[in-house]
Amino acid sequence: DAGVIQSPRHEVTEMGQEVTLRCKPISGHNSLFWYRQTMMRGLELLIYFNNNVPIDDSGMPEDRFSAKMPNASFSTLKIQPSEPRDSAVYFCASSLEGGWEQYFGPGTRLTVT
Amino acid sequence: GQQVMQIPQYQHVQEGEDFTTYCNSSTTLSNIQWYKQRPGGHPVFLIQLVKSGEVKKQKRLTFQFGEAKKNSSLHITATQTTDVGTYFCAGNYNQGGKLIFGQGTELSVKP
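Here the protein sequences line up with chains A and B, keeping their order. Those letters in the first sequence? Residues 1 to 113, per the numbering used here, in order. Those letters in the second sequence? Residues 114 to 224, per the numbering used here, in order.
Do not rely on the hints blindly, as some may be mistaken.
Within a straight-line C-alpha distance of at most 20 Å, the following computed DMTMM-like cross-link-like pairs (lysine to aspartate or glutamate) qualify [stated by the list, open to error]:
id, chain 1, residue 1, chain 2, residue 2
1, B, Lys-164, A, Glu-101
2, B, Lys-149, A, Glu-101
3, B, Lys-169, A, Glu-101
4, B, Lys-149, A, Glu-44
Just so you know, the hints here were simulated from the structure itself, not pulled from any lab data. Since this is a predicted model, take the numbers as computed values, not measurements.
Build the full structure now, drawing on both the sequences and the hints.
And the structure:
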């Protein structure tokens, strides 16, 4: 199994630019999660999908953040416009079913200058 | 809302010493999961506890789930340098798959 795939692995951008993070979950997994990890706030759930449908987006910081899952094998997290405080590691994770063990991708380290 | 508190935040031990991290929830959990994140890596699933009072072992690691299903612990016997990393508990409140992660305990092991 390839595991959860995320791209890019590193992203450096200037404040105000649009950033798109990509995730390919493990084939056959029905649930997909986006997390943000920082030293100050730890590991935060941003949004999760069941069967491609957003279930809970209460963790999305503000309207600058949006996430989509157009099909079972692809999801994006977009930040527009980006701000320095968005700098963090963003993880995508998938699980066979909601509530089961989650498999995390390697993460995208985002730096906004 | 639901919150999972985890202590301690940091633990520094000498190789061979034991280590324990604790998680507490204010409300009853459906189940609890434990993850390990190596420095620079991503969280990796270790185990899931479901039953009240459940105890599971993985080699030197012992996981417990409280009788009231509100607390859990991870105990490592005779730590090794390979145990270095951050250990997270994650509570499931049976809300369709959402996990609430604790703040994590960062373990460092001095050889």
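message = Check the structure against each numbered hint from earlier and tell me which ones fail, lowest number first.
response = Every hint satisfied by this model.
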